[in-house]
Amino acid sequence: MSTDVNVKLDALPGLDPKALPLQVKNLQVEFRTRNGIAHAVNGVSFDVRAGETRAILGESGCGKSVTAQAIMGILDSPPGFVTGGEILYRGVDLLKLPESERRKVRANRIAMIFQDALSALNPVFTVGFQLGELFRKHRGMSRQDAKARSVELLDLVKIPAAKQRVNDYPHQFSGGMRQRVMIAMALALDPEVLIADEPTTALDVTVQAQIMALLAELQRERNMALVLITHDMGVVADVADRISVMYAGRVIEEAGVHEIYASPAHPYTKGLLESIPRLDLKGQELSAIKGLPPALTNIPPGCAFNPRCRYAQDVCKQDPAPALFQVSPSRTAACHFWKEVKGDE
Amino acid sequence: MSDVVLETRDLVKHFPLTQGIVFKKQIGAVRAVDGVNLELRRGETLGIVGESGCGKSTLARMLVGLETPTSGDLFVQGKNMSKVGAEERRRGRRNIQLVMQDPYTSLNPRMTVGDIIGEPFEVHPDVVPKGSRRRKVQELLELVGLNPDHINRYPHQFSGGQRQRIGIARALALNPEIILCDEPVSALDVSIQAQVINLLEKLQNELGLSYVFIAHDLSVVRHIADRVAVMYLGKIVEIGTEDEIYESPTHPYTQALLSAVPVPDPKLRGQRDQIVLVGDVPSPANPPSGCRFRTRCWKAQDICAEQEPLLQIRDKSGHPSACHFAEVRDVVHATE
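Protein chains in written order, with UniProt numbering: chain A, 1 to 345; chain B, 1 to 336.
Don't read these hints as lab results, they were simulated from the structure.
One or more hints might be untrue.
Claimed, not checked - Cβ-Cβ distance ranges computed for the label pairs, FRET-style:
1) Asp149/B - Ser60/A: 26 to 36 Å
2) Val278/B - Ser60/A: 38 to 48 Å
3) Glu274/A - Gln19/B: 25 to 35 Å
4) Lys282/A - Arg269/B: 17 to 27 Å
Claimed, not checked - Calculated pairs, SDA-like style, for lysine to any residue (alpha carbon to alpha carbon, straight line, at most 20 Å):
5) Lys267/B - Leu273/A
6) Lys267/B - Ser330/A
7) Lys282/A - Asn205/B
8) Lys290/A - Phe158/B
9) Lys342/A - Ser263/A
10) Lys290/A - Leu199/B
11) Lys342/A - Pro125/B
12) Lys267/B - Ala213/A
13) Lys267/B - Lys158/A
14) Lys158/A - Thr295/B
15) Lys25/A - Asn35/A
16) Lys290/A - Pro176/B
17) Lys282/A - Thr241/B
18) Lys290/A - Gly72/B
None of the values given here were measured: they were computed from a predicted structure.
No residue lacks a Cβ here, since even glycine has one placed at the ideal position from N, Cα and C.
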């Protein structure tokens, strides 16, 4: 890869090559809407190491995609504002960088795959043009060189007949192939961190298996840090190393994948796992979590999950919300009663 | 058999592809559903699984009469719906109702919930006398777990799960015997999904309903279905009881589909016998000759291109499978 841009990036003040590729500390994001302020992200912290897969698990509206957008710096603003916290790339706080510097980090160091490839790609340009744009803008390559690199990239993500397909428009690709183009685009500049926001939600299971296998392979080859945002607990169990479970804009549990599936320490995580249809429960009622997630403009005081929680006591209904308790050296849970939740299996 | 409430024989739906504006001519057809034979018995749940584009939604639309079959017969309670008169067809349709996929677009935003659920009574006025319709609608709301006082609210005032409940109440309005659920929970979050599935099972027990349950989520289908049919490119490739399909699938497509489903248990990571299929589903406008799955199948031989495998019982497994080389393969390992 060309090194000129990397040299410029190394000049980022405070860059520490030994620091973690991505570390989010106490991130706060709010949306100022006509109906009041929606607190989409209320103090989210997580980190990811090179080669590691960090899953961010949560249902719609829990703030997982907003977190990703804030990291990438593509939050719609207004109405969205980052009101606090730090996003550290190798020790450099991205939130303090001027936009011109941030642009260099984006795609170069931290790249993102979006959920719906059809709407994320521009319908009026060929796939080759859109891929090549990255090389032209970020690497200053000529059109011809950029196109040659685009073909290589399509080959990398195993699109058959890449040489011809580079001139096709997004609508000429199937859903799975379009997602491959998205992956190619994200990997174009060899990023260290890849954020995948529901990369397979719109795909069929057989295609999902193909895409996840491809992602895993590319991650292994490049020792990339992967942040996988999803609501699919099957996918998480398959690929994640560590999991952050989000609810109403907060991380409510953080643990290694084996620990969380074996003994969840937060009632919400436990409820989620129990609501998956399982073989041994055939013919029985599924244990559903009662009620609905709260509106982000009106998060209940105390623990946001308390109205739906079967463990809730008076202490849960009072501010402040439970902090993250240290369940074991490597895991935390934001529940006053984590011992009971974890113990009663 | 008298307890077969719904039956299809060689049901076919082709959508014509035309060329030209003034002199239109047909240049082909999208063979969305291509000869489907199904039976639904009283009180049972028949699951239909398959990937997008396999024709499961077109099949559902034909079953409820939203789409006219190109050929083939549909029997609702023993009556051939393509042979009876318009009036009888209309009455027959009352017995089979649809719950749609997307609770955000299948409810008219400008109608109140009461009007939405009560609208079937406009079409079939003899079900409930005019004076007691409002009460009936409130009963229905209560039945699906909504507050009967919310009868005058609009769909946007409800959450996704609640809207799906409204869709279910509407489907129940005419006291049908058969409910067709076309991806009823795929638009919902996991925690809400379980609530709706529980509701559907409760209603089935209370009202003795028969369900056709169409979904792409195989674990949900496994939970709710008694029998399962697997569709690929407009045809059923394998059909059997839930146990037969999940425990001893014989068609390669079923095996690939089942093995592709991620299991929510990290302990099984890397231990599953995962079959990653190559390529995409071919276009239904131009399906492969012979077996339609042969282009993606690892077992394909010459015979697969020449001769179309029939859906029939092939080996000891005892359930029909449309593959020349059907054999049992254990793909889903039960958690210990």
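| field | Contradicted hints - numbers only | value | 2, 3, 11, 13, 15, 16 and 18
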